[in-house]
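Residue numbers (UniProt numbering), protein chains in the order written: chain A, 1 to 512; chain B, 1 to 512.
A couple of the hints might just be wrong.
[Claimed, not checked] With a straight-line cut-off of 25 Å between C-alpha atoms, the simulated SDA-like cross-links for lysine to any residue are: (1) 350/B / 221/A; (2) 350/B / 218/A; (3) 350/A / 221/B.
Don't read these hints as lab results, they were simulated from the structure.
Listed below, chain by chain, are the residues.
Number of protein chains: 2
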Amino acid sequence: MNTYKRMQALGRRPAAPALVRHIAVRRADGATLPSHPACAASDPQSCAHALVDARLNEALFRYERVIRDRFDAIEDVLRSLSPYQHDLDFAEKAQVMAEQRLGLRWPQSALEHAWVAGVDMKTLFAHATFEGVARCVASADFDQAAWRTALPLNVARWREFGYHTVDISPCADGRLQGLLPFVLRTVPDEAVLVKAYAGALFDIENDVADWAQRQVHQYASGVFGLDYLKVAVYHFSSSSPTQQGCAAHGSHDDVAITAAIERLYALRHAVAEQFGPDMAPQVVLIGVDTDLDAIRIHLPDISGRLHAQRFLDSAHLYRQTLGLPADVALGHIEQAVKSYAHDLGGLGAKGNESGMQGLAVAWLVANFSQIEYVLHHHAGRYAVIGHDEQFICVGDMVPRLHLRNQFYYAHLDTVEEGAADLDVGIRIFSGLNVRRGLPVPVLVHFQYSSAVPDSRARAVQRGQRIRAAIATRYAELCSRGLLQCCVAVSDRRGREPLAFVADDASVSPCMH
Amino acid sequence: MNTYKRMQALGRRPAAPALVRHIAVRRADGATLPSHPACAASDPQSCAHALVDARLNEALFRYERVIRDRFDAIEDVLRSLSPYQHDLDFAEKAQVMAEQRLGLRWPQSALEHAWVAGVDMKTLFAHATFEGVARCVASADFDQAAWRTALPLNVARWREFGYHTVDISPCADGRLQGLLPFVLRTVPDEAVLVKAYAGALFDIENDVADWAQRQVHQYASGVFGLDYLKVAVYHFSSSSPTQQGCAAHGSHDDVAITAAIERLYALRHAVAEQFGPDMAPQVVLIGVDTDLDAIRIHLPDISGRLHAQRFLDSAHLYRQTLGLPADVALGHIEQAVKSYAHDLGGLGAKGNESGMQGLAVAWLVANFSQIEYVLHHHAGRYAVIGHDEQFICVGDMVPRLHLRNQFYYAHLDTVEEGAADLDVGIRIFSGLNVRRGLPVPVLVHFQYSSAVPDSRARAVQRGQRIRAAIATRYAELCSRGLLQCCVAVSDRRGREPLAFVADDASVSPCMH
Numbered sequence: 001m002n003t004y005k006r007m008q009a010l011g012r013r014p015a016a017p018a019l020v021r022h023i024a025v026r027r028a029d030g031a032t033l034p035s036h037p038a039c040a041a042s043d044p045q046s047c048a049h050a051l052v053d054a055r056l057n058e059a060l061f062r063y064e065r066v067i068r069d070r071f072d073a074i075e076d077v078l079r080s081l082s083p084y085q086h087d088l089d090f091a092e093k094a095q096v097m098a099e100q101r102l103g104l105r106w107p108q109s110a111l112e113h114a115w116v117a118g119v120d121m122k123t124l125f126a127h128a129t130f131e132g133v134a135r136c137v138a139s140a141d142f143d144q145a146a147w148r149t150a151l152p153l154n155v156a157r158w159r160e161f162g163y164h165t166v167d168i169s170p171c172a173d174g175r176l177q178g179l180l181p182f183v184l185r186t187v188p189d190e191a192v193l194v195k196a197y198a199g200a201l202f203d204i205e206n207d208v209a210d211w212a213q214r215q216v217h218q219y220a221s222g223v224f225g226l227d228y229l230k231v232a233v234y235h236f237s238s239s240s241p242t243q244q245g246c247a248a249h250g251s252h253d254d255v256a257i258t259a260a261i262e263r264l265y266a267l268r269h270a271v272a273e274q275f276g277p278d279m280a281p282q283v284v285l286i287g288v289d290t291d292l293d294a295i296r297i298h299l300p301d302i303s304g305r306l307h308a309q310r311f312l313d314s315a316h317l318y319r320q321t322l323g324l325p326a327d328v329a330l331g332h333i334e335q336a337v338k339s340y341a342h343d344l345g346g347l348g349a350k351g352n353e354s355g356m357q358g359l360a361v362a363w364l365v366a367n368f369s370q371i372e373y374v375l376h377h378h379a380g381r382y383a384v385i386g387h388d389e390q391f392i393c394v395g396d397m398v399p400r401l402h403l404r405n406q407f408y409y410a411h412l413d414t415v416e417e418g419a420a421d422l423d424v425g426i427r428i429f430s431g432l433n434v435r436r437g438l439p440v441p442v443l444v445h446f447q448y449s450s451a452v453p454d455s456r457a458r459a460v461q462r463g464q465r466i467r468a469a470i471a472t473r474y475a476e477l478c479s480r481g482l483l484q485c486c487v488a489v490s491d492r493r494g495r496e497p498l499a500f501v502a503d504d505a506s507v508s509p510c511m512h
Numbered sequence: 001m002n003t004y005k006r007m008q009a010l011g012r013r014p015a016a017p018a019l020v021r022h023i024a025v026r027r028a029d030g031a032t033l034p035s036h037p038a039c040a041a042s043d044p045q046s047c048a049h050a051l052v053d054a055r056l057n058e059a060l061f062r063y064e065r066v067i068r069d070r071f072d073a074i075e076d077v078l079r080s081l082s083p084y085q086h087d088l089d090f091a092e093k094a095q096v097m098a099e100q101r102l103g104l105r106w107p108q109s110a111l112e113h114a115w116v117a118g119v120d121m122k123t124l125f126a127h128a129t130f131e132g133v134a135r136c137v138a139s140a141d142f143d144q145a146a147w148r149t150a151l152p153l154n155v156a157r158w159r160e161f162g163y164h165t166v167d168i169s170p171c172a173d174g175r176l177q178g179l180l181p182f183v184l185r186t187v188p189d190e191a192v193l194v195k196a197y198a199g200a201l202f203d204i205e206n207d208v209a210d211w212a213q214r215q216v217h218q219y220a221s222g223v224f225g226l227d228y229l230k231v232a233v234y235h236f237s238s239s240s241p242t243q244q245g246c247a248a249h250g251s252h253d254d255v256a257i258t259a260a261i262e263r264l265y266a267l268r269h270a271v272a273e274q275f276g277p278d279m280a281p282q283v284v285l286i287g288v289d290t291d292l293d294a295i296r297i298h299l300p301d302i303s304g305r306l307h308a309q310r311f312l313d314s315a316h317l318y319r320q321t322l323g324l325p326a327d328v329a330l331g332h333i334e335q336a337v338k339s340y341a342h343d344l345g346g347l348g349a350k351g352n353e354s355g356m357q358g359l360a361v362a363w364l365v366a367n368f369s370q371i372e373y374v375l376h377h378h379a380g381r382y383a384v385i386g387h388d389e390q391f392i393c394v395g396d397m398v399p400r401l402h403l404r405n406q407f408y409y410a411h412l413d414t415v416e417e418g419a420a421d422l423d424v425g426i427r428i429f430s431g432l433n434v435r436r437g438l439p440v441p442v443l444v445h446f447q448y449s450s451a452v453p454d455s456r457a458r459a460v461q462r463g464q465r466i467r468a469a470i471a472t473r474y475a476e477l478c479s480r481g482l483l484q485c486c487v488a489v490s491d492r493r494g495r496e497p498l499a500f501v502a503d504d505a506s507v508s509p510c511m512h
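Chain A extracted, bound-state conformation (with noise of 0.2 Å):
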């Protein structure tokens, strides 16, 4: 998406408010959207909970706008670039505007020779995609500043609700990777691991070994008491259901749900027969509506079934008590998840039941901020419901960047395995980026721990073992230079942010 295309979106200049809402309530076919779940004001921006944190919410809108602009800014650059190619001072030009512009240099190789043939823009745009990925996690302290001591739900919360763990499996659709701070305002911190498959299904095997090492942990400080919570997050679009759901379950919603369900039953039974039925972990799924960022929340009943159809609605919630003071709001949805659990016959927590209560209120109350956001940033409903990534993350999560449609990430150890995965996500980009002939941008990342020997040198490897399984499985699109393949590495404890890792050092790191 384009800059001004953005700006619309984002409602950033002050003409863009009447425009963003026809949006909101018109489709490009013409079909007219349902009504807003949470808000029937007519003007989205009236809403206005008790329960929200409004202070929250400018600090993540400053953060978005941000982290869009300096994406942006990347084909704006290339566009004004373009006409001058072949003059003979292309070089510096390029230069000036990219440090100007961009806060980087391109590789001299990709431009010296740009007299001959044309410059390589393929090139340009995929090295100023993965610059702009590291500046983002080398300055997240100081973009995130505002936001990240603020979000009601951390490590403390979690122990307050009795766990020691949050395994969060997502889809891996670019339209979740806002999910913890802004849809669950959630720190990603060290308690919550964050894993992302397409279709959410996680892989049993790794989940049973991460289980294992977050309780051997516990053990090891001599903390007895706390679990370990698997989330299975799926989602779906309400105004376009048939079209921009769960790609990798043929936008069937019904078909997202039973297999994410299925999932989490298969992790629990794994877990109970090797370590005994009281280790199995507790399970929530939690589903999100991508237009509008609501959530529902699905809790274990007593005998630990979940229910595809009944679940806590928070867009539903918010509305029920909107203009209510913020201690009355607050003590009917603690009453709205006490009858929902009551209905279930109590809940599979392994007696865990307020726990898991307090949970889910947290995050309804959490989620009315970002319906909130969604309301008064976006007009109620995203401009964009579907696909618009900027780059492709495989391997572990790409660290401290949090943002919705700023990339499609495949959480994987090797092409063989993450195939699937990785295919659903080329087949977006070949919509969005190949078929204007810019290249697929791929960042394999790994983490490290610096204290560990060679740690680090495993790290790259795997990283450029990937990245040579991606060559040869999309052989066809990278011999054009339609898929742009760079490897990082990063320190689990934060001492090398993000690296990118050279092949040779005459040639830039992010080019195939």
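With the hints as your guide, set chain B onto chain A.
Here is chain B on its own, set in the frame of chain A:
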């Protein structure tokens, strides 16, 4: 190796012993072999150590003959069939002979067009090999009954020494595939994990995951105070050190030892860094002389360091104590281990010094039986000191089959990660089979937990994914029928011992 050579090696015919001894002291290239370090007698069968379990040796030798016969018969049968392949009644003849001599039936599809262009020997060879493996697994209870319960090292002994798990990573080399019951006289039970890698270069992250799961098991069952022992096993050839050592390390013993030590340090470091310094597993290094099956045990010194040149040598100790009464000999060995530990300034065994010493004594004494096994049944030094494997096993260890040079084993989850290990295996079989026109039989095997839903389906899927990756990586060999790959799964608890996965009911499951 054909039956005739095999019989020489096994000394099965009355006329053989003299010939075998001749092979043992003079190699094919005319070089004189070093004298046997454990036994100075001119007749190796005259050595009889008081601590050796002669009955156990007899039982293991019967097992070795049963297994070898099963596979040796394959080439004999195929050679006998060859002259008849254009006969009208070839299919019947072939089936009768297969049933009588191999206890199997050929896939009819592989026989019926033999009159046109000759029979496809490669397919028959692979089919019979895979069926042979299945038979070894199916009849393991019977075949191994005589030695399984007689092995001196088992889960009760581990507990006595202070260990709940012994995680052993030998080299993938086939010469180490008799490691547990033969070389170390150790029961392959649930307390022992075996994961082989070329050059014993085990995967740190994978090991950390295994370590954590085993620790949780302990905590969950309320057991405290037992530890996890990691053992790396390198190997060397005393009679052909620069030719028949570890291929993954270019037959450089020093390199192999240093690499194994570094890997052990890295694992200890990785656990300590992630879970706290007291949590690191105990480590031991073992070296096997694959000519004699004698071992070296390297224990960590008080500061945790392992020394390449400071080890306990089983052949040396056997020789020192040969002729002594059992209790005197045992006292001598215990004293030798104590002195060794004293010279190291004490052992780096996390306060479990006596347990680690006890383990060393037990393995040294256990290995005396294997030294004598090779003295009595293989003239002191194996006739074939190099590779002579029957097939490659990929994935999880083929269950319940333990015999030197029976298979090359690469523990892997993906070809992408395990390519180096697999390449070494294919290279070995290019010399053993491909140059004679016979295929490389590759068994892809994964275990599942029958109690976990879909666990079997996931194991099958993993196997099929790996078969596809093998077909891609070795496309040229596959297209010529010179690599035949078969997928099998087995239940971890033994309810399904080994089942081949058929892709298509109309073809043999073993054919690619």
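Going through the hints against the structure:
no. : hint          : in the structure
1   : 350/B / 221/A : 18 Å, holds
2   : 350/B / 218/A : 21 Å, holds
3   : 350/A / 221/B : 18 Å, holds
Hint check: no violations occur; every hint is consistent with the structure.
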